[in-house]
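Participant: Protein chains in written order, with our numbering: chain D, 1 to 504; chain H, 1 to 430.
I should point out that these hints are in silico values taken from the structure, not numbers from a laboratory. Do not take every clue at face value.
What the hints assert, rightly or not - So these bits of chain D aren't anywhere near chain H, every CB distance computed over 10 Å: (1) P71; (2) A76; (3) A221; (4) L233; (5) N357; (6) R498.
What the hints assert, rightly or not - Partial list, derived from the structure: chain D residues whose beta carbon lies under 10 Å from chain H: (7) V91; (8) M99; (9) L100; (10) E103; (11) A108; (12) G109; (13) R208; (14) F364.
Cβ coordinates follow ideal geometry from the N, Cα and C atoms, glycine included.
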Amino acid sequence: MKLVLRNITKRFGSLVANDSISLEVSPGEVHCLLGENGAGKSTLMNVLYGLYQADEGEIVLDGEVQHFLGPGDAMAAGIGMVHQHFMLIPVFTVAENVMLGNESTGFAGTLDLDAARGRVREISERFGFHVDPDALVEELPVGVQQRVEIIKALSRDAQVLVFDEPTAVLTPQETDELMEIMRQLKEAGKAIVFITHKLREVREVADRITVIRLGKVVGEAEPTASNAELASLMVGRPVELVVHKDEPRLGDDALVVKDLHVRDALGHVHLDGISFTIRAGEVLCVAGVQGNGQTELTEAILGLQEHVEGSVTLDGRQLVGRSVRQVLDAGVGFIPEDRQADGLVGGFSIAENLMLNRSFRSPFVRGGSLRVDALEEFAERKLEEYDVRAPDIHTRASKLSGGNQQKVVVARELSRDLRLLVAAQPTRGVDVGSIEFIHKQVIATRDSGIPVLVVSTELDEVVALADRIMVLYRGQVVGIVPGATPRETLGLMMTGERPKDVVA
Amino acid sequence: MSTTGLSPAPVPTAGPTIDTVPVVSRKTPIIFGVLTLALVLILLLEGQSGETTFRLAARTDFATLPELTVPSMGGAWALAVACALLTAESVRRYAGRRRTAAWVLVAFAVAWMAGFLTWAAAGETVPVVGLLAGSIALAVPLVFGALGGVLGERAGVVNIAIDGQLLLGAFAAALVGSLTGSPWAGLVAAMVAGALVAVVLGLFAITYFVDQVIVGVVLNVLVIGLTSFLFSQVLAPNAASLNTPPRFPRIPIPVLGDIPLVGPVFFRQTAVVYLLYIAVALVSYALYRTRWGLRVRAVGEHPKAADTVGIKVNRTRYRTILLAGAIAGMGGAFYTLVSVPQFNREMTGGAGYIALAAVIFGKWDPIRATMAALLFGFASNLQGVLAVLGSPVPSQFMLMLPYVITIFAVAGLVGRSRPPAADGVPYQKE
Ligand SMILES: Nc1ncnc2c1ncn2[C@@H]1O[C@H](COP(=O)(O)OP(=O)(O)OP(=O)(O)O)[C@@H](O)[C@H]1O
Ligand SMILES: [Mg+2]
């Protein structure tokens, strides 16, 4: 089915999120949408899927103009969407999720679960998905949940498939599998719209590329275009894809972790006796497939984990056993991996979010009451400095696009006197321009003599930032290697193997 | 830059588990222990003499069960020992990291209750059939209310107004029943009344996003005020014509009603009670096995996801709470068309709140919520029966009994409960 979007305009109040955007996608084609955070990509797709009504413009499928009043209409017309935040019901099984809204029923509305299971198996076999129809969705890893979303769309016979940043939450391995799936779908004659911030993915699968900036189409690019070309088209200026950094000027041992053990309430061991040191002015990156103890490591340092044994000292002061507040007061800055859950209060304004870690004393609080002037002045400055795209500082954090939310978190954490920065997935879901910016901030933090711990599943990011790299596997340190270690070696270490020349 | 070619070997992404210790709740053995100890203490401190008789028979055609007579202290001690053994079994399972089996739970509950009754009714006769049948009678409105509550909350609407629905249902049933002389018309009126309360709840909670708990509480107060006013101004002065509803007759079911013990308890009831059985079965079947149920649950768990597959969230919620209101209204009819053939001010006595508790104790499941409501009915009736028998327990303590039993049962039996994820959260499109 051929999809044509013609002059779509969508406004939110005074903000024009989509400004007369036109787009064509043919069957058997992957069309990539590129653009900065807040450029209006998700908005355009939500219009296509019937979640928003366009203010102007039309959606044309195979020459027929469509009028979608809701997602139900869009689905019936053959449009399927894999949302940025999955639209699955965690306590339902895969089969139930797939059949919801499109149930085959027997006598008196009785669910025909067998038919749904059969459908899941059939699609799953056709594309090699390996999904158990009776598994509970909440117990599945994200990569598999995403496949359930794809099955959901395919089971309704979708001819146009929209993937909105599907790889932001995937491990490198799951990403490769998704690329393969998209190629198969393409061969099966589906028209595919693919949104991502990762240029290597674009070049791997895209047939056509459209770049959007500030709600407008700024041009098309060939899949053969270089990363630098694509990046500058997106951002509207040349972008440094790998941030320049000088040799580190190392100081004393600053963060010393010794024999750290972390368990959860159920007794599962997440960290099994790890030890490492970060010197002042050094970036240590933690690499490894998600779920090997990285989250628990950052949370243990912050004091968010309950069952912690061992020692973590910062400039000689013990952090284990302290409250989060005491750890923050000791000068630890923390960029959490899930900004929406742990980094921001969605219902608060940007300004209020910017003072969350200093909510009890100067400069923003005096005598128990807020100093609104100081806060607003500060927020205006940070908005400018970090290039946060928002109408004003009173905008609610939940209304910001993902990348802009991330910038608010980074701005807050870096605008304090720090003695340690802990950054977990600092650029997840962030566009190339902002990645450049955040990376520069991290390096500047290092150069001011502060130890930095970065956790990232993006190998590109690890290689770009690290002075040394630590690989975790099943809660243990596989090895700590220099920043210039070849990717092949790192990849091997991430599977738990220690190359001969590496010492733990 | 590319990282292909070095994708790591498959690692279980669901989280690393290096060694795993299954968690088994130690609540059950602890509660068993406490209860057994309490029983032993009662027996030690407050000895009784004489014999206890359990009358198991009602008039039945098949066979008449004999009366069971045991020496009070001997019997009670024997049952206390049985409780201790079951506790030991539960501890043994806990030590072996296994859950306490259902049969152990049931056996413990029966043994403990029998032991307590043997002691409390020393020198008397316990009418077992009457005790159980009375429990059902007390539980019927609770079960109706709990069913309505489960339905609403499964769809994401917290309904504090169950009590209001029961009360308005009772009122409407009395009024319309008296006017028409037909209990069936009264029942229908009660359902309409319950649904009416639901409409108001929906209007504020679904359409205008008002906090659902507050709307519910306000509705309860409103219904109390309204019915009390109408009662004193309209019903009481014209009691003969407006407040003398006909009663549903008891209809024993042939064969089933003649089974010893079970028959007289469950199958010599009124049509309302039979409707209750049907309602429980239908609701639990429909909720888990039909398209309608799947959509209701989807809307209560993740309304946005339901919306993206084309389900009309708020319409589904409205329909569900209307049905739930009608069911709760039937519970109200039971007061005036079965229990006492007249309406009285605040005659539900807060039963709606107990029904609400049953919803939560029953983990938002129709069958479990029914069980919880039945348990409460049993405990209330036990208190009444023991008061008549003249038990050695001070009456103030006896009044606590229903609540204490419910709390112990729930604390011991119900594991972690998780409400529907979007329970109480209005759905607002952007
Ligand atoms: N419901 C809404 N109300 C008001 N403004 C909105 C709403 N949704 C999006 N916006 C604004 O519209 C613009 C486009 O947002 P959109 O989510 O489409 O960006 P995006 O291109 O998907 O960005 P990202 O790559 O970060 O996901 C942003 O400035 C955002 O703040
Ligand atoms: Mg987006």
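Participant: Work down the list of hints and note, for each, if the structure agrees.
Facilitator: Evaluated hints:
Non-interface status of P71/D relative to chain H is broken: a Cβ of that chain comes within 10 Å, the nearest being about 5 Å off. Once the 10 Å rule is applied to beta carbons, A76/D is inconsistent with being away from chain H; the minimum gap is 8 Å. Every beta carbon of chain H lies more than 10 Å from that of A221/D, the smallest distance being close to 18 Å; the non-interface claim holds. In this structure L233/D is separated from chain H by more than 10 Å, as the shortest Cβ-Cβ distance comes to about 18 Å.
Its beta-carbon lying about 28 Å from the closest one in chain H, N357/D satisfies the requirement of being farther than 10 Å from that chain. The claim that R498/D is not at the interface with chain H holds, since no C-beta of that chain comes within 10 Å of its own (minimum 14 Å). A cut of 10 Å between beta carbons decides the hint on V91/D: the least distance to chain H is about 6 Å, and the hint holds. A distance limit of 10 Å between C-beta atoms decides the matter here; for M99/D the minimum to chain H is near 7 Å, and the interface restraint holds.
Interface restraint check for L100/D: the shortest CB-CB distance to chain H comes to about 5 Å, inside 10 Å, so the restraint holds. With a least beta-carbon distance of about 4 Å to chain H, the hint placing E103/D at the interface is held under the 10 Å criterion. Checking A108/D against chain H by beta carbon gives a least distance of about 7 Å; that is within 10 Å, so the hint holds. A least Cβ separation of about 4 Å between G109/D and chain H falls short of the 10 Å threshold, and the interface hint therefore holds.
The interface hint given for R208/D is broken, as the beta carbon of that residue sits about 21 Å from the closest beta carbon of chain H, more than 10 Å. Taken as an interface hint, F364/D does not check out: its beta carbon lies about 31 Å from the nearest beta carbon of chain H, beyond 10 Å.
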